[in-house]
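Residue numbers (numbering that gives the first Met the number 0), protein chains in the order written: chain A, 0 to 326; chain B, 0 to 289.
Quick caveat, the hints were computed from the structure, so don't treat them as lab data.
Bear in mind that the values here come from a model prediction, so they are computed numbers and not experimental data.
Fair warning: there could be bad hints in the mix.
In silico PhoX-like cross-links for lysine-lysine, where the CA-CA straight-line distance does not exceed 25 Å [stated by the list, open to error]: (1) A:Lys326 <-> A:Lys231; (2) A:Lys321 <-> A:Lys233; (3) A:Lys316 <-> A:Lys233; (4) A:Lys253 <-> A:Lys326; (5) B:Lys169 <-> A:Lys54; (6) A:Lys231 <-> A:Lys320; (7) B:Lys138 <-> B:Lys169; (8) A:Lys321 <-> A:Lys203; (9) B:Lys138 <-> A:Lys52; (10) A:Lys54 <-> B:Lys138; (11) A:Lys52 <-> B:Lys169; (12) A:Lys201 <-> A:Lys6.
Covered, in the sense of this in silico footprint (three residues per stretch, anywhere, with C-beta under 8 Å from a C-beta of chain B), are these stretches of chain A [to be verified]: (13) 48 to 61; (14) 71 to 79; (15) 104 to 117.
Ideal Cβ positions, reconstructed from N, Cα and C, are used throughout, including at glycine.
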Amino acid sequence: MIPLNPKLFDKDVEQVPIRKGFGEGLVLAAENDERVVGLCADLTDSTVMNLFKSKFPDRFIQMGVAEQNLASVASGMAAMGKIPFITSYAMFSPGRNWEQIRTTICYNDRPVKIAGSHAGVSVGPDGGTHQAIEDIALTRVIPRMVVLSPCDAIEAKKATRLAALTNTPVYIRLAREKTPVITTDETPFQIGKAQIFYEPKKGKVQVGIIATGALVYNAIVAAKELEEEGIKVKVMNLATIKPLDNEAIIELAKECKRIVAVEEHQIAGGMGSAVAECLAQQYPVPQEFIGVRDEFGQSGTPSELIEHYGMGIRSIKEAVKKVLARK
Amino acid sequence: MIDINRTNELAQVANNIRQSIIEMLLQAGSGHTAGPLGMADVFTALYFEILHHDPKRPDWTDRDRLVLSNGHINPVLYATMAHAGYFPVEELKTLRKFGSRLQGHPHREWLPVLENSSGPLGSGLSQAVGMTLADRMDKSVTSNRFFYCLLGDGELDEGQNWEAMMLAGKERLHNLIAIVDRNNIQIDGYTEDVMPLESLRAKWEAFNWHVMEIDGHNFSEIISAVEQGKAVFNKPSVIIAHTIPGKGVAEFERKFEWHGKAPNKEEAAMALSELRNLRTFGGKITGEHE
Chain A
0 MIPLNPKLFD
10 KDVEQVPIRK
20 GFGEGLVLAA
30 ENDERVVGLC
40 ADLTDSTVMN
50 LFKSKFPDRF
60 IQMGVAEQNL
70 ASVASGMAAM
80 GKIPFITSYA
90 MFSPGRNWEQ
100 IRTTICYNDR
110 PVKIAGSHAG
120 VSVGPDGGTH
130 QAIEDIALTR
140 VIPRMVVLSP
150 CDAIEAKKAT
160 RLAALTNTPV
170 YIRLAREKTP
180 VITTDETPFQ
190 IGKAQIFYEP
200 KKGKVQVGII
210 ATGALVYNAI
220 VAAKELEEEG
230 IKVKVMNLAT
240 IKPLDNEAII
250 ELAKECKRIV
260 AVEEHQIAGG
270 MGSAVAECLA
280 QQYPVPQEFI
290 GVRDEFGQSG
300 TPSELIEHYG
310 MGIRSIKEAV
320 KKVLARK
Chain B
0 MIDINRTNEL
10 AQVANNIRQS
20 IIEMLLQAGS
30 GHTAGPLGMA
40 DVFTALYFEI
50 LHHDPKRPDW
60 TDRDRLVLSN
70 GHINPVLYAT
80 MAHAGYFPVE
90 ELKTLRKFGS
100 RLQGHPHREW
110 LPVLENSSGP
120 LGSGLSQAVG
130 MTLADRMDKS
140 VTSNRFFYCL
150 LGDGELDEGQ
160 NWEAMMLAGK
170 ERLHNLIAIV
180 DRNNIQIDGY
190 TEDVMPLESL
200 RAKWEAFNWH
210 VMEIDGHNFS
220 EIISAVEQGK
230 AVFNKPSVII
240 AHTIPGKGVA
250 EFERKFEWHG
260 KAPNKEEAAM
270 ALSELRNLRT
280 FGGKITGEHE
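So that you can see chain A by itself, here it is in the shape it has in the complex (with noise of 0.2 Å):
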């Protein structure tokens, strides 16, 4: 098994945000390769490329609250050579700046990584105008763009370390909201690999989760009491969307013959649906959708808008029970 968190299912589990593993990770690819530049959009503590910001001054760019030249201006750094990393939230960039992320970033192939925080619902109170939770969609039907959606921060430094040694356009989709940690640092982690987080101690397996994002916790701590109810399932970690680890994904459709797929975004678009168009082509079977169905977000706590918008572990485990019972 893939060593996690030993602590993952104490009532105290540490919690840190998505985004500051984000920060983290950003200084270290800065440190190993000084083409690494960083573009903010006025959002700079938030995003945490603050901690950037401090170390390397005289690499790091006050945009101001302008997410369209944010991108372009991202696009002729790469022309010359840098790696540029660019920071705002979800909602603006990839939201606002699309067409500029695909012409001048994706089209015109330099390789910016695109760092959108606040992603999904649980960016709360702020409500549903910063909610973004179509990016997903966004940014996967771009050709050459990779997306990555770490499930925590330990795994979004892993993931903004690597994304600075590709040599395409990335995006990384990170969260606000401090969330439980799920890997250590030696869980492995590779752009491109799906990894079986939790799987039923015996018995055969019935239902596979797929997950991606903060909800993978959720999504363990479904598979773990639905263990204690007798049902099998295994929870895969989907940390990269694009390119997708389709051979993983067709392993677990042949093993459970049942998936769902639980991500913290529109249903229509999102991870679920990159999913189905693997196993729709390859090997189809049974799908259930764990995500938001096609509305707005609003204001909230965190884990009043994952319950509402029916994202909990209360829903993900309905959810397993009814893609069990569909013929």
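Model the placement of chain B on the given structure of chain A, informed by the hints.
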């Protein structure tokens, strides 16, 4: 200042480029006519006099960079680059055809000698600003590179330009020179009717740019404006080049109807004949075909 002989040489090159533009648009059957003809003199001045570049070594690190923002005028970019020796002039006939390196709007992956892909308006200046910022970070190891961005005037309706202008002004990017094709037309009509830009000079100045206004068909003015821009060391420069859309073919000049369409066979024949006659004007300018 450049001497009259050199001016005549450049005029002849620009005339050849205009003929190529007409020929390639005729072959393509679609594309933009007015903008490319209007900018032929500026492009000629850049590629044949101003730029530090080497068509045989397009990846030369220390070359100046030219970013075309309004990608739809690419017939003039392709024609000028072909005449400058980047690729065979013969290839111009493939414009907009399936499999051609000369995509309908520039794509640097298909034609790697380009600095950028463009078409969607308003993002070229940002890319040029990014290039200039990266150059400044590397200043200790590089030579004296200049960064040029060519923009349309109608394109300035896009807000992203003003974001880029603000950043360039803030960062005082002195080796960045923007050239605006001030031809007063855009697809739906005259710029001042569609979305007024005036006072354009005052707007750029307010964003902390050094502003020059020139006749975009006068080689001496084009070249000396760039020289002046290079001498400004505490802010970026913009050259507002007043041009005549469709310049060189009387029938196409100053008409926004010619912004976005290609000539048919008769119109092309008329245009080419007019351009060929001009080239021998006074017996001083002769082309390679005569």
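Taking the hints in turn, this is what the structure says about them:
Distance restraint check for lysine 326 of chain A and lysine 231 of chain A: the Cα-Cα separation of roughly 18 Å lies within the 25 Å cut-off, and the hinted pair is therefore satisfied. Between lysine 321 of chain A and lysine 233 of chain A, the direct Cα distance comes to roughly 16 Å. Compliance with the 25 Å bound is thereby established for this hinted pair. Taking the CA atoms of lysine 316 of chain A and lysine 233 of chain A, the gap is about 12 Å. The hint holds against a cut of 25 Å. Of the supplied pair hints, the one linking lysine 253 of chain A and lysine 326 of chain A holds, its CA atoms being roughly 16 Å apart against a limit of 25 Å.
Distance restraint check for lysine 169 of chain B and lysine 54 of chain A: the Cα-Cα separation of roughly 22 Å lies within the 25 Å cut-off, and the hinted pair is therefore satisfied. Taking the CA atoms of lysine 231 of chain A and lysine 320 of chain A, the gap is near 11 Å; set against the 25 Å cutoff, the hint holds. For a cut-off of 25 Å, the pair hint linking lysine 138 of chain B to lysine 169 of chain B stands: about 18 Å separates their Cα positions. Proposed proximity of lysine 321 of chain A and lysine 203 of chain A is supported: the alpha carbons are some 18 Å apart, at most 25 Å.
As the CA atoms of lysine 138 of chain B and lysine 52 of chain A are separated by approximately 20 Å, the hinted pair is consistent with the 25 Å bound. Distance hint between lysine 54 of chain A and lysine 138 of chain B is fulfilled; the C-alpha atoms sit about 20 Å from each other, no more than 25 Å. For the proposed pair lysine 52 of chain A and lysine 169 of chain B, the alpha carbon gap of about 18 Å is at most 25 Å, so the pair holds. With a CA separation close to 21 Å, the supplied pair lysine 201 of chain A and lysine 6 of chain A stays within the 25 Å bound.
Coverage of the stretch 48 to 61 of chain A by chain B holds in this model, with 3 residues showing a Cβ closer than 8 Å to a Cβ of that chain against a need of three. Proximity of the stretch 71 to 79 of chain A to chain B, defined as three or more residues with a beta carbon under 8 Å from a beta carbon of that chain, is established by the 9 residues found. Chain B is given as covering the stretch 104 to 117 of chain A, and this holds because 3 residues of the stretch bring a CB closer than 8 Å to a CB of that chain, at least three being needed.
Violated hints for the displayed structure: none, as all numbered hints are satisfied.
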